[in-house]
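Engineer: Required output: the full structure, derived from the provided sequences and hints.
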Amino acid sequence: MTWPRAIPWIALLLVAGLVLGGVELPGWLGGDDEALAPGGSAAARVERVVDGDTIAVEVDGREERVRYIGVDTPETVKPDAPVECYGPAASALNKRLVAAGADVTLRFDRELRDRYGRLLAYVYRADDRLSVNARLVQEGAARTLPIAPNTAHAGELARLQSGARAAGRGLWGAC
Numbered sequence: 821m822t823w824p825r826a827i828p829w830i831a832l833l834l835v836a837g838l839v840l841g842g843v844e845l846p847g848w849l850g851g852d853d854e855a856l857a858p859g860g861s862a863a864a865r866v867e868r869v870v871d872g873d874t875i876a877v878e879v880d881g882r883e884e885r886v887r888y889i890g891v892d893t894p895e896t897v898k899p900d901a902p903v904e905c906y907g908p909a910a911s912a913l914n915k916r917l918v919a920a921g922a923d924v925t926l927r928f929d930r931e932l933r934d935r936y937g938r939l940l941a942y943v944y945r946a947d948d949r950l951s952v953n954a955r956l957v958q959e960g961a962a963r964t965l966p967i968a969p970n971t972a973h974a975g976e977l978a979r980l981q982s983g984a985r986a987a988g989r990g991l992w993g994a995c
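For the sequence shown, the numbering used here gives the first residue as 821, with consecutive numbering after it.
Wrong hints could be hidden among the right ones.
Beta-carbon label-pair distances, calculated as ranges [claimed, not checked]:
#1 Arg-949 with Arg-979: 15 to 25 Å
#2 Glu-904 with Gly-881: 33 to 43 Å
#3 Asp-880 with Gly-983: 18 to 28 Å
#4 Asp-947 with Asp-900: 14 to 24 Å
#5 Ala-986 with Gly-860: 17 to 27 Å
#6 Ser-861 with Tyr-936: 19 to 29 Å
#7 Arg-882 with Ser-982: 35 to 45 Å
#8 Arg-985 with Asp-880: 20 to 30 Å
#9 Gly-881 with Cys-905: 16 to 26 Å
#10 Asp-880 with Ala-919: 20 to 30 Å
#11 Gly-975 with Thr-925: 17 to 27 Å
#12 Arg-916 with Ala-987: 13 to 23 Å
Keep in mind the hints are simulated off the structure, nothing from the lab. Glycine included, every Cβ here is placed at the ideal spot set by N, Cα and C.
Structural biologist: Dropping the structure here:
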């Protein structure tokens with residue numbers, strides 16, 4: 821085997837040795853997602869709001885980025901992209917719904933992570949069980965974005981979007 825062809829095998833053996841040796845890898849590298857199971861839930865504390873549909877939380881002693889399932893807000897922080905219509909308002913609403921320090925419950929659907937390593941979750945405020953995903957759509961701050969296999973609440977979100985659109989709420993009246 822030539823040296824360039826051996827590199828993937830060496831990397832695989834190194835990672836296997838670390839895992840078997842008890843070294844915990846971050847979740848996006850296939851580390852400990854034991855407590856974070858598809859179809860399960862986890863308690864978390866919001867560290868910061870990233871944008872209208874993404875938050876950073878502390879869960880199980882580590883920081884994770886969480887992308888809300890089933891919704892998409894206009895962009896505000898995407899590199900090399902302009903701020904989109906209603907993006908700042910969507911981010912501001914998300915900050916009002918789940919400010920830093922807020923306790924939330926993350927509910928997972930069938931697929932736990934996206935291709936960027938972010939957790940995918942329906943986010944509920946711990947104090948009143950309000951669905952943040954649903955409220956963003958209901959207020960017109962987000963469009964629905966059903967992506968299989970995480971579609972458990974797609975019907976409910978579509979119904980809320982129809983109401984927001986018909987009433988001209990949020991981005992439906994502004995953009």
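Engineer: Hints first: check each against the structure and report whether it holds.
Structural biologist: Against the structure, the hints:
Between Arg-949 and Arg-979 the C-beta distance comes to about 19 Å, which sits within the given range of 15 to 25 Å. The given range of 33 to 43 Å is respected by Glu-904 and Gly-881, whose C-beta atoms sit roughly 35 Å from each other. With their beta carbons about 36 Å apart, Asp-880 and Gly-983 fall outside the hinted range of 18 to 28 Å. The hint said 14 to 24 Å for the Cβ distance between Asp-947 and Asp-900, and at roughly 38 Å that hint is violated.
Checked against the hint of 17 to 27 Å, the C-beta distance between Ala-986 and Gly-860 comes to roughly 35 Å, which is inconsistent with it. With their beta carbons about 22 Å apart, Ser-861 and Tyr-936 fall inside the hinted range of 19 to 29 Å. Range check, Arg-882 to Ser-982: Cβ separation about 38 Å, and the 35 to 45 Å hint holds. Look at Arg-985 against Asp-880: about 38 Å separates their beta carbons, and that is not inside 20 to 30 Å.
Distance hint check for Gly-881 and Cys-905: the Cβ-Cβ separation is about 39 Å, which falls outside the suggested range of 16 to 26 Å. As the Cβ distance of Asp-880 to Ala-919 is approximately 21 Å, the hint placing it in 20 to 30 Å holds. The given range of 17 to 27 Å is respected by Gly-975 and Thr-925, whose C-beta atoms sit roughly 21 Å from each other. A hinted range of 13 to 23 Å holds for the C-beta pair Arg-916 and Ala-987, which are about 20 Å apart.
Checked against the numbered hints above, the structure violates hints 3, 4, 5, 8 and 9; every other hint is satisfied.
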